[in-house]
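If you read the protein sequences in the order shown, they are chains A, B and C. This note's numbering applies: residue 1 is where the first sequence begins, and numbers increase by one. This note's numbering applies: residue 1001 is where the second sequence begins, and numbers increase by one. This note's numbering applies: residue 2001 is where the third sequence begins, and numbers increase by one.
No wet-lab data here; the hints were simulated from the structure. Be careful, since some hints might not be right.
[Said to hold, decoys possible] Cβ-Cβ distance ranges computed for the label pairs, FRET-style:
{"id": "1", "chain 1": "A", "residue 1": "Leu29", "chain 2": "B", "residue 2": "Asn1044", "range": "55 to 61 Å"}
{"id": "2", "chain 1": "C", "residue 1": "Phe2354", "chain 2": "B", "residue 2": "Arg1355", "range": "39 to 45 Å"}
{"id": "3", "chain 1": "C", "residue 1": "Ala2388", "chain 2": "B", "residue 2": "Ala1123", "range": "46 to 52 Å"}
{"id": "4", "chain 1": "C", "residue 1": "Thr2216", "chain 2": "B", "residue 2": "Leu1139", "range": "52 to 58 Å"}
{"id": "5", "chain 1": "C", "residue 1": "Thr2399", "chain 2": "B", "residue 2": "Leu1131", "range": "24 to 30 Å"}
{"id": "6", "chain 1": "C", "residue 1": "Pro2381", "chain 2": "B", "residue 2": "Val1037", "range": "28 to 34 Å"}
{"id": "7", "chain 1": "C", "residue 1": "Thr2352", "chain 2": "A", "residue 2": "Leu38", "range": "46 to 52 Å"}
[Said to hold, decoys possible] Over 10 Å on every C-beta distance to chain C, these chain A residues come out as not near it, computed from the model:
{"id": "8", "residue": "Val174"}
{"id": "9", "residue": "Leu264"}
{"id": "10", "residue": "Ser265"}
C-beta: ideal position from N, C-alpha, C; glycine also.
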Amino acid sequence: MKRSTYQNKYQILRYILIFLILAILVVVLGSRKNFGPLQYAQLSLDGLRGGAIYALIAMGFVIVFNVTGIINFAQGAFVTLGAMFTVTFYNLNAPLPKSLHLLLSVIAAILVTTCIGVLVERLTIYPARKSSPLTLIIITVGVFITIQGLSLLVWGADAYVFPAFTTLEMSDRVFRWLGMVIKAQSFWIWGIMVLVLVCIAYFFNFTLLGRAMRACAVNRLGARLVGISPGRMSLVSFGIAAAVGAIGGIVVAPIIRPSYDMGLSLGLKGFVAAIMGGLVSTPGAVLGGLLLGFLENVAAGVTKAGLKDIFAFILLILTLLFRPQGLLGVRKTTVETDGAH
Amino acid sequence: MNAIPRFNSNRNAIGWFAMTAVIALLGWVETVQPMGVDFADLTNGIVTMDTMVRVAILTIVLVGLNLLMGYAGQVSLGHAALYGLGAYASSILCVRSGDLLGVPAWVLGSWWWPWLVMLIGMAFAGALAYLVGRPILRLQGHYLAMATLGLGIMIYILFRENLGFQGQHITGTFDGIPGVPRLRIGNFEIWPISRYYFFAWIAALGAIAFGLNVISSRTGRALRAIHDSEVAAQAMGVDVASYKVRIFAVSAILASAAGSIYAHFQTTVSPAPFSFVGSLELVVMAAVGGLSSIWGAPFGVAVILIIKEILRSRLRVVFSGASGEHEVIFYGILLVLIMIFMPEGVTVGAVRRWRLWQSRKREQVLSPAQPQAGVPR
Amino acid sequence: MSRKIHHLVVLLTIAALIVAACGQATPVATEAPSPTDTQAPPPPVETQAPPTPTEAPPEPTPTEEMIGETYKIGFAPAITGPGASLGAPEHETGQMLSEQLNAQGGVVGPDGVRHPVEILIFDTETNPDVAVSVVRRMIEEENVQVVVAGTTTGISMAIVPIITEAQIPYISMASSGAIVKDPDTGVVREWAFKTAQDNFASAQWQALYLTAQGYTQVCHLSENSGYGADTLAQAKRAFEPAGIQIVYEDSFERTGTEFPQVASVQTSGCQAVVVGAIPPASSNVSIALRDALPDLPIVHGHGTCNQDHIDLMGAAVAEGMVSPCGKVMVSDTLPDDDPQKDVLVKYVDDYTAFTGKPVNTFGGHGWDALMLAVTAVASLPDGLDLAAQRAAIRDFLETGVKDWPGISGVYNLSPEDHFSLGFDSLTFVKVENGAWVFFPEDQW
């Protein structure tokens, strides 16, 4: 333990050095475009908003990975489903005030997506539970492809519109502060991300089911011996991951134009965030998401914005090469015996 | 003992005869058109020469992917991009290198230049795979899947974004690079499509032969040992990571070669087929063909491409308003079902089941102590 | 021992294939269609296939009228994929025309023989790879007389080599001038025609507008697509002579959640932003620009000319945005003596009746391409073989299309010009109260 704190101190210095080099690079590149503090602040804020969405999606990856050891590539599909179901329910005619209608649509969409997540687990993961993780990962890829195809069949290739939560209109309220522009939806996104994080922490630390899932994550055989059914835990983890993914899709819906294929790129970014966070810890995933959003947006801002997506995947490769245990993780030799969360 | 035929040594020979006969027969139908029947008429216009050439090209990619997935136990989610590297290497160096690198016109016009470029592309893809794979494959777990996913999307974006350069046309962004020349040997042009069909299948059979050689070589034995138990292999002195890296590099080289052949077939190279979705499609094909079966590769490709053609031409009759992209639903369901019920792939799974059934039948006749024979690895 | 056998077999195999390949050094042409071939094709793939294409037309026709072979037009828009918002109206137009042609009982040739016309609809999925495969299928398996395909430039450019090799007339619905003319050598592509206005014409309108407003420094944001890349290239060509400088250019992703480009637009000091994108990307970037820089004028390209563009960003945001568009968007405000007026009004009525949606320019590109094809097949005398029919269609398109009013403009095709629409086929429009209105030059 002592040795690891010593290492940590050393590593912190190294991170500060890397950060300084990056900051200088960014400022040099930004100066070519006459960027002032205002632009950096705006880019960071926007980046953190995108990052919060990635964080929400990344949490879904982490929950499933922890309990089952599967990287669930179907997570992106849950994002699409969350957004598209909300749009569909909201577009139904109902004699309700707009805000209540929106709230009900959101709840219904989360419930439906959760059911689909549970169904996916029962229909595809459970029958193959004895297969290798590689097989299970490929199965989730298949699930993703199927759901995306079905979404195309149901909703068509069109983009849909969805009202902002604050105004319940298409155009959102915009706050202007010191020249910066912040949409009201950004606060919703940040707020909901924190809420989800707190709920998940509470669930895993203070409820029996959550603790059973943690036990399953730490040692599947041991958990089984004390009477926890890994199959049921896997089911619950898929349900939660689907719900969290759906929430991610719903909060982002007003700022993009949801369509059947929105989950692909968001899911991949969420996946990168989860890897950056080490794949086993929810706070790590949130940190990874925020950092990813921030770095990606600033890097795209100071260089060519068309290359924005590439930065996420450069970060992915760098993480895998230099810190495969993630930002918060510890080397495999001292792997978390005190639980993943 | 002789009562049980041992297929293991002769199985490949049978495979060769069957495969060659089918390919040659189909090619003969197309070129000679006996009784006015051309190749596509055999399947009522569903499977065309175009499809068959694609099957051959993707077979080359799949042999590499099968080696990687089946023998090294790693999945690549970015193989389409490695395939694209070959296609782009061929198209850039054959079409644009005069402007970009100042390659003289007599070289560009020569028949051997495209072949040389193909080798350059293969070397580049292999080197890239080696460099990325080496540090990542030293880690336990499925990190290669994640790394190849990232790598694949990065390469795709670079293709699409003109490698990040502004102004000068290198990859031509979305429109890609038109006008890739046809392949020639001396003055013999490998075109019309029936000639290219033979060329692509010769290359595909070459890849299969190569793949079979790899798995029956020292490397192959080491890989099988790794596949059975990594720990045990390590204990026996097998350098697990180094074998995995080598096989990853080999699969990248095969993918790149296939990409070059694709570029000269299609004559226009654009980024769309090399995206993440393209990589997923390759994984589906590998799953259908069988993860550790080299012979499964052409079957995996053929099954998926033929399903695709059938869906493309017949789906509309079933679902009005449905169109091409819906076919992915069937891929998805197919992939899930195969992975659940036959995780070793359809061809291998079917053969294994058949053999099992046969040996059971034989067990009833012979003494029950007979060892099971001919179970494919 | 078995290894040796194995190697021997490999060698023999490859040798056998080489012999087989070279033995037929002069293969027969890929299609040698006999009349029986075209009489008994596999059931055509069509959305609303009539039970028999030879059914009697509803009009009272002379009973002795001869019914000739069925003409086939291969039609492949991008029904799905990133180009779907352009391809879907083209697809709907194709379905509508197919229905109309069936109702009319096809076309009557110059020799009085009636020919049913089938429009075979395929999807390119906005993927050049699929497009090439689909077009090869149309040419070699379905034996179509003419190919109408390619919603976007990239797709069309991938198709061009295929149709040139197969010697089949091809009409593209995409915008780039490179489809009909090799930009490097200036040689007209023999078999390729197109019906969508050049991005260059669009950029010329933009330049005119920007100059009229007195803007000399602009930013250009283009979508990550073939269309976006071409708008940028054409804007550079058109803006420079007009003295307009592009001070900042960048691209953006259709699925992006935030737009770091806006910060660069802010600091680049440009007076207006030119956006080269199609909905929904055009709407997303407009919102981001409006939020951060509410007073900056935004000029779109003619790829945005459909209602989706306004609906997806909301009328309030779209208010005041301008773009060059085809006349179809403002058909009711055109003067009566406009040669296109009749065609436009009929198309608008038919399209809205058929789909229940407002018209857009892309459906118009599809209509022009298909109707050119229909007009061309109607000119064929009976009894030609397929290769001769294809050549005759090409010749007709080059020589027979004079003052031909379409949706996009009045066509005058010639051997030197396989497109012929220019600057004046577009008009300028503005968004007012959530709808497109005519915005003539004197109001600028």
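Outcome of the hint check:
A hinted range of 55 to 61 Å holds for the C-beta pair Leu29(A) and Asn1044(B), which are about 59 Å apart. Separated by about 58 Å at the C-beta atoms, Phe2354(C) and Arg1355(B) break the suggested range of 39 to 45 Å. In this structure, Ala2388(C) and Ala1123(B) meet the distance hint of 46 to 52 Å, their C-beta atoms being roughly 49 Å apart. The hinted window of 52 to 58 Å between Thr2216(C) and Leu1139(B) holds, with their beta carbons roughly 56 Å apart.
A beta carbon spacing of about 59 Å between Thr2399(C) and Leu1131(B) contradicts the range 24 to 30 Å that was offered as a hint. Evaluation of the 28 to 34 Å hint for Pro2381(C) and Val1037(B) yields a pass: the beta carbon distance comes to about 30 Å. Range check, Thr2352(C) to Leu38(A): about 47 Å between beta-carbon atoms, so the 46 to 52 Å window is met. Not every CB of chain C is more than 10 Å from the CB of Val174(A) (nearest about 5 Å), against its label as outside the interface.
A beta-carbon of chain C comes within 10 Å of the beta-carbon of Leu264(A); the shortest separation is about 8 Å. With a closest Cβ-Cβ approach of about 5 Å to chain C, Ser265(A) is found to fall inside the 10 Å limit, against its non-interface label.
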